[in-house]
Amino acid sequence: MPHAPNPSPDPKIARDLKTLAQFIRIYCRHKHADAEKSVPRIKGFDYAELGIKPPEVCGACARLLAHAFVKRAHCPFKPKPACKHCRSHCYQPAYRQQIREVMRYSGRKLILSGRLDLLFKLIF
153 MPHAPNPSPD
163 PKIARDLKTL
173 AQFIRIYCRH
183 KHADAEKSVP
193 RIKGFDYAEL
203 GIKPPEVCGA
213 CARLLAHAFV
223 KRAHCPFKPK
233 PACKHCRSHC
243 YQPAYRQQIR
253 EVMRYSGRKL
263 ILSGRLDLLF
273 KLIF
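Numbering (the working numbering), first residue to last: 153 to 276.
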């Protein structure tokens, strides 16, 4: 019996995952420049299907990326609030601290490079 194809991803979730991948990629490239990097495989996620350039990141950033992808994809809130405004913090405390640092650092980098479009979601 043929296997049914996966349904196409929700465009809003795909956009959020793409933003997460880009922020983590920027952070890792600058903060972990000397670390060995590879493209993490995250079960249930296909970068091409999501329209995401596969991120080359270190092991620590790969774990954060996987945690962030799973948490975003399984967020029970519709519509999803910005994590900083959410009443239910689903990230484990260590990952929550890491993602805050990533967002703060990468957000500044994007502002300085003129990519305000990617910051719009974080502000509103």
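If you are wondering where the hints come from, they were derived from the structure by calculation, not from laboratory data. Incorrect hints may have been included.
[Said to hold, decoys possible] Computed beta-carbon distance windows for the label pairs: (1) Ile165 <-> Arg215: 35 to 45 Å; (2) Gly196 <-> Gln244: 17 to 27 Å; (3) Ser265 <-> Pro228: 33 to 43 Å; (4) Gly266 <-> Lys195: 33 to 43 Å; (5) Ala185 <-> Pro228: 30 to 40 Å; (6) Arg239 <-> Ala200: 28 to 38 Å; (7) Gly266 <-> His226: 15 to 25 Å; (8) Asp162 <-> Lys236: 36 to 46 Å.
[As the list claims (entries may be wrong)] Distance condition first, Cα-Cα at most 20 Å in a straight line; then the derived SDA-like pairs of lysine to any residue: (9) Lys205 <-> Gln244; (10) Lys164 <-> Cys210; (11) Lys164 <-> Leu264; (12) Lys195 <-> Cys210; (13) Lys205 <-> Asp162; (14) Lys164 <-> Phe197; (15) Lys189 <-> Lys236; (16) Lys236 <-> Ala185.
We treat Cβ as the ideally placed atom computed from N, Cα and C, and that holds for glycine.
Hints violated by the structure (listed by number, smallest first): 1, 7, 8, 9, 10, 11, 15 and 16
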